[in-house]
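So the protein sequences, as listed, match chains E and W. Taking the numbering used here as reference, the numbering of the first sequence is continuous, increasing by one, and the terminal residue is 195. Taking the numbering used here as reference, the numbering of the second sequence is continuous, increasing by one, and the terminal residue is 456.
Calculated from the structure, these hints are not laboratory results. It is possible that part of the hints are untrue.
As the list claims (entries may be wrong) - Within a straight-line C-alpha distance of at most 20 Å, the following computed SDA-like cross-link-like pairs (lysine to any residue) qualify:
1) E:K136 / E:L120
2) E:K27 / W:R394
3) W:K406 / W:L337
4) W:K255 / W:R203
5) E:K171 / E:G152
6) E:K171 / W:M219
7) W:K382 / E:K136
8) E:K8 / W:R394
9) W:K424 / W:L262
10) E:K8 / W:H208
11) E:K136 / W:H230
12) E:K136 / W:M219
To be verified - Coverage of chain E stretches by chain W, computed from C-beta distances (three or more under 8 Å per stretch; other residues unrestricted):
13) 113-121
14) 132-144
15) 160-174
Keep in mind the model is a prediction, meaning the values are calculated, not measured. Glycine included, C-beta positions come from ideal geometry on N, C-alpha and C.
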Amino acid sequence: MQTNKGLKLADILTTVVISIVFGIVYKLWGPFYYSVKPFGLHIDQLVYGMWFIAATVAYLIIRKPGVALLAEIAASSGEFIMGSEWGLEVLIYGLIQGLFAELVFAAFRYKRFDVFVVSLAAASSTIGSLIMDLYKGYIEELAVWNLTLFIGARFIGAIIISGIFAHSLVKALEKTGVTQMVRPASKEDYDALNR
Amino acid sequence: MRLDINYRETWLHRINPSLKLIVMTILFIGVLFIHNPNVLMNLTLGFLLLLFAFAGYPLKYLLLFLLPFLFIFVSTAVSMILFGNGQTTWFQWGLIHITEESFFRGLHLGFRAFIFALLGLIFSLTTRPVYLFYSLMQQLKLKPKYAYSFLAGIRLIPIMLEEFQTVQNALKVRGAAEKSNVFQKIKRYAIPLLSQSIRRAQRIAIAMEAKRFSQTVSRTFYYEIGFSKYDVVFAIYIVVISLLSYYLSTIYPYIPITDVR
């Protein structure tokens, strides 16, 4: 039998499937991103935050440890398998971004599921992606005003898309009733039984 | 990537997928620490050779796959070229400030993005996802519950794309497409797609658990994946290309800059 330790197959499969939906979004987001990129003034960075959304949405739906990391890895491998323009890069970025989001959820001991925590996770993923960019893109060599614009735009975009929007998406999803199938029984559920 | 394109199965297809993934990851990290554009240009040539000569795909498809990479090359290079720091000014107009240093740094970034894309393309064109996950289970001891979940997930991609079409058509019929912002639009697609996917995932998970797909002890595998002489060939090719790129860059540099930082 399965032990209680770790995620169960049902949790993993649900996370993976949710992530693949976002993998498709990630893949479609690529052409959109580089079509706004040549404008140069980092307008593209405002939409960058979409690539962090799998972690926050999956965490909000399933509410278990490890889900955010797994979701971001699965979404990036989905994007990779569908033939991402960035190739192998997306897997490594996915790993780092998922890890940074996971750290935030772990810091709140997987007990909080509000807008603030997911926005913080989105910001944390942003930091992860910036660390990668520091190695990959020499972003520190951009002129100061340009770099500030770059980082600022990415943070704002991430919080709006993967924080606030992700939260409202899951709120809307809760109304369909599917989230009750996947979440662990909460204290209110037990209270309802004892009534 | 599953495509209905006829391809020859070459030795690149027969390499152990775990080994291929690890070598590609090492190359990825290695390339991050190369600051000499000459080395990157040589490496690009080496990997282009690998793709065109040994991937086993018809030339016209390969060229088609490479097309979006040019966008990546240009878009990655352009903001560093226009806005990067540097001493030797070539051109200045308003906020745009092109210097010799920023130009070559931009070029370097373009080549780097191009190499990452090439490596990814070579990997996804020559590796079947099924073999990859079987190999990850056997060689890298990935837990079966993760591997089979990924495999099941990959099989669902076509169904999801079909559902996406259905939602799109349904919205079109109802005239819902007009007057909505991006977020509303995404929500309109994401809610039905996600809720259906979650329901489907739950059903599949129950079936898989009943058939003990999550079992780890005394597991047997339908595909037994091991190592062969092709793995040695691959490793030697990569090592030779890497050393040759470095060596050639010291004796025949294309551009006189050895460090773009």
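Okay, the hints, checked on the actual structure:
no.: 1; hint: E:K136 / E:L120; result: violated (24 Å)
no.: 2; hint: E:K27 / W:R394; result: violated (23 Å)
no.: 3; hint: W:K406 / W:L337; result: holds (19 Å)
no.: 4; hint: W:K255 / W:R203; result: holds (14 Å)
no.: 5; hint: E:K171 / E:G152; result: violated (27 Å)
no.: 6; hint: E:K171 / W:M219; result: violated (40 Å)
no.: 7; hint: W:K382 / E:K136; result: violated (33 Å)
no.: 8; hint: E:K8 / W:R394; result: holds (16 Å)
no.: 9; hint: W:K424 / W:L262; result: violated (33 Å)
no.: 10; hint: E:K8 / W:H208; result: violated (33 Å)
no.: 11; hint: E:K136 / W:H230; result: holds (10 Å)
no.: 12; hint: E:K136 / W:M219; result: holds (16 Å)
no.: 13; hint: 113-121; result: violated (count 0)
no.: 14; hint: 132-144; result: holds (count 7)
no.: 15; hint: 160-174; result: holds (count 5)
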